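Novice: Now for the letters of each chain:
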Amino acid sequence: MAGIADFLDSLIGGFDLICYALTIGCLFWTLFLFQPWKERIDSSNTLLLERTITLIYKGGFWLTGAQLFKIVLKIWLMTAILEKSPFPEFAETTQFIGGLTRATLAFIFASYVYHFLKLNPFSKSRWLIASLLAVPMIISGAWLVHGAGRFENQTLLMTLTLIHQVAAAAWIGGVFQLLNVWQFVKLNKLSTNYWRQLLKKFTILGAASVAVILMSGIPLALQYIDSWNGLMGSGYGNLLLVKITLLGIALYFANLNRYAAQNNDNYSLTFYVPHYIEAETFVLITLLFTAASLASQPPAIDIPSLTASWQDVLNTFAPQIPSLSSPTHTDLISGEAGRTAIIGQIPSIAATEWSNYNHNVAGIFLTTMSFFAMLSYLRYRVLQFCKFWSVGFIALGIFLFFRSDAETWPLGSIGFWDSTFNNGEVLQHRIATLLVFTLGVIELSSRVKPNYSQKLPFIFPILAALGGLMLLTHSHVGFQPKSAFLIQVGHTTMGVFSLILACGRWLELNLEGKKRAFSGFVSVAALFQIGLILMFYREPLY
Amino acid sequence: MKKIILLLLCIFYIQTPFSHAVITDYSLKIAPIHSNHADEVELEFNSKIELGLSQVFLVSKGDKHELLKAHIGKKQGQIVVEIPPIDVGEYALRFKVFAADGHLTEDVIHFSVME
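Sequences listed follow chains U and F, in order.
Start counting the first sequence at 0; every next residue gets the next number (numbering that gives the first Met the number 0).
Start counting the second sequence at 0; every next residue gets the next number (numbering that gives the first Met the number 0).
Among the hints, erroneous ones may be present.
In silico lysine-lysine, BS3-like type, Cα no more than 25 Å apart, as pairs [unchecked claim]:
1. F:28 <-> U:83
2. U:57 <-> F:74
3. U:123 <-> U:199
4. U:513 <-> U:386
5. U:185 <-> U:123
6. U:481 <-> F:68
7. F:95 <-> U:83
8. F:95 <-> F:74
9. U:185 <-> U:386
10. F:95 <-> F:47
11. U:185 <-> U:200
12. U:199 <-> U:83
13. F:47 <-> U:481
14. F:28 <-> U:481
15. F:63 <-> U:83
16. U:188 <-> U:200
17. U:188 <-> U:117
18. U:513 <-> U:185
19. U:37 <-> U:117
20. U:199 <-> U:185
21. U:188 <-> U:199
If you're looking for bench data, these hints aren't it; they were derived computationally from the structure.
Predicted model, so just to flag it, every value in this text is computed and none were measured.
Just need the whole structure built from these sequences, with the hints factored in.
Specialist: Written out as structure tokens, the structure reads:
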């Protein structure tokens with residue numbers, strides 16, 4: 000059960016950040032953009048205001064639940080790992096006291112919004128009281144961040160992290176709110192003119208938020224990473240680079256929106272911008288989960304002797320002949336006892352070759368199918384057969400099911416349910432396998448007979464984004480951080496490409512004309528890149 | 000649709016526990032343990048450790064585990080582990096520590112015992 004507890008413990012970190020962004024972002028939106036006590040309010044604006052208040056208190060209540068659930072999971076996890084009750088010691092820890100305090104403050108804030116602000120949403124004084132109640136809730140989060148456990152510059156790190164979180168929440172919560180507004184515009188309850196005005200206003204808030212994110216994030220990064228090798232060759236540095244990349248992608252979409260709003264391009268504002276915002280949301284949610292994942296990594300500054308060099312990292316991506324021969328299942332199993340031993344550990348060549356084979360063959364599947372997928376965009380009659388490229392996903396799913404975890408059913412002795420729910424890594428592989436298989440079935444039906452009004456094809460980009468999320472937060476447990484990192488770096492790079500794949504396909508399904516074809520091509524080109532990384536993958540010996 | 004997306008995002012989010020607290024130094028590097036002498040090993044972490052929620056094991060041949068007594072050291076983030084008299088051979092210290100930032104970390108330090 001420790002695997003499930005750990006799985007949920009990690010999950011709740013990202014969910015916590017989403018709730019936080021929702022409640023704080025919508026609060027900022029109202030205070031700085033909407034200002035209901037100032038504007039002339041008509042019935043449609045009232046609807047929007049009601050929805051915004053609902054998002055604020057729901058976000059607050061969910062945040063309360065997330066905090067409490069975090070505490071329960073910690074107790075569960077510690078009981079499972081330490082094999083004893085964590086009490087009374089746990090009750091005296093900063094995590095327990097800080098978590099309970101934050102949950103209480105979030106509950107008070109959400110309750111005020113629900114019971115008082117909701118009844119009189121045009122009252123400036125009630126918005127001010129709500130803002131004042133949010134302040135202690137925000138500050139209480141400082142004791143739950145990494146800086147709280149550090150010995151040097153503790154107050155500075157806690158403060159910078161808080162500012163970073165608030166700025167990110169203002170931006171990301173604001174984007175959630177844009178999606179909310181768009182729903183009203185789509186239903187003709189708000190005018191496109193008002194939509195354009197809000198977009199323009201949000202550009203300023205968004206730009207200010209990003210500036211604060213950078214101003215707080217850069218000194219934080221310099222506190223935790225003190226060398227180029229630390230940036231390139233540690234899990235912490237790698238996830239930071241991923242965050243920077245995702246930030247760049249999100250800003251690209253934000254810039255498209257800004258451009259359309261400033262040029263009063265009504266067609267773009269109605270037919271393109273909402274979908275750019277949806278794609279931006281994919282990126283920003285992934286960014287939040289990556290931020291939660293980053294918090295579980297030791298800072299590079301603490302492990303200078305355990306980081307890989309940039310040459311090691313580049314070597315991980317170097318083209319090589321794919322491994323097409325696999326050790327036997329018996330060889331693999333016989334090496335496991337030595338590999339997992341603590342005293343007299345013997346690295347297993349069979350385990351490394353087994354993994355190389357799995358990754359490389361999966362890479363051949365993906366490279367081949369994405370090559371045909373790219374050809375399918377040429378629209379030549381002779382290349383009609385290329386539209387069946389997604390059959391490759393189904394074949395890949397079957398391959399992964401048999402090959403991912405040799406020690407488990409159907410090839411190994413550990414039962415299906417036992418291995419799935421007692422080992423986080425096996426659970427990840429099982430979910431990934433299911434995702435790939437499902438993707439294949441859905442995508443095949445939607446590519447053979449494209450119907451852009453159906454909802455089923457949208458499952459593909461959603462699952463691809465989930466796959467990317469998994470890859471970005473996937474780490475292999477081991478006692479050698481350098482080996483674990485070299486495995487992680489390939490997975491995180493593929494995670495970024497998966498997200499590009501998801502965004503590209505989402506836009507292809509929503510946009511029109513050349514933009515549709517361009518997005519679709521970018522999407523399958525990203526899949527091709529994933530295939531290349533897998534095809535040249537080499538697992539370190541450990 | 001959005002609720003489904005959010006739910007799916009939550010369900011499929013996964014991560015494994017390579018956590019934040021790490022050993023930054025330990026006394027075994029400069030002070031090896033000699034056979035059949037009770038001794039102490041100092042472990043220094045990059046973060047404050049909750050000792051009551053942490054465990055340190057001595058691992059001997061055949062991966063046999065023995066829970067060791069430990070107390071907080073004089074330096075920040077330091078834990079002092081009491082090693083019982085042991086024979087010559089290969090050993091490891093395996094620890095599960097709960098850091099002040101809320102992460103549980105597992106790690107292993109290998110060492111040899113000489114005459």
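Novice: Of the hints given before, which are not true for this structure?
Specialist: 1, 2, 5, 6, 9, 12
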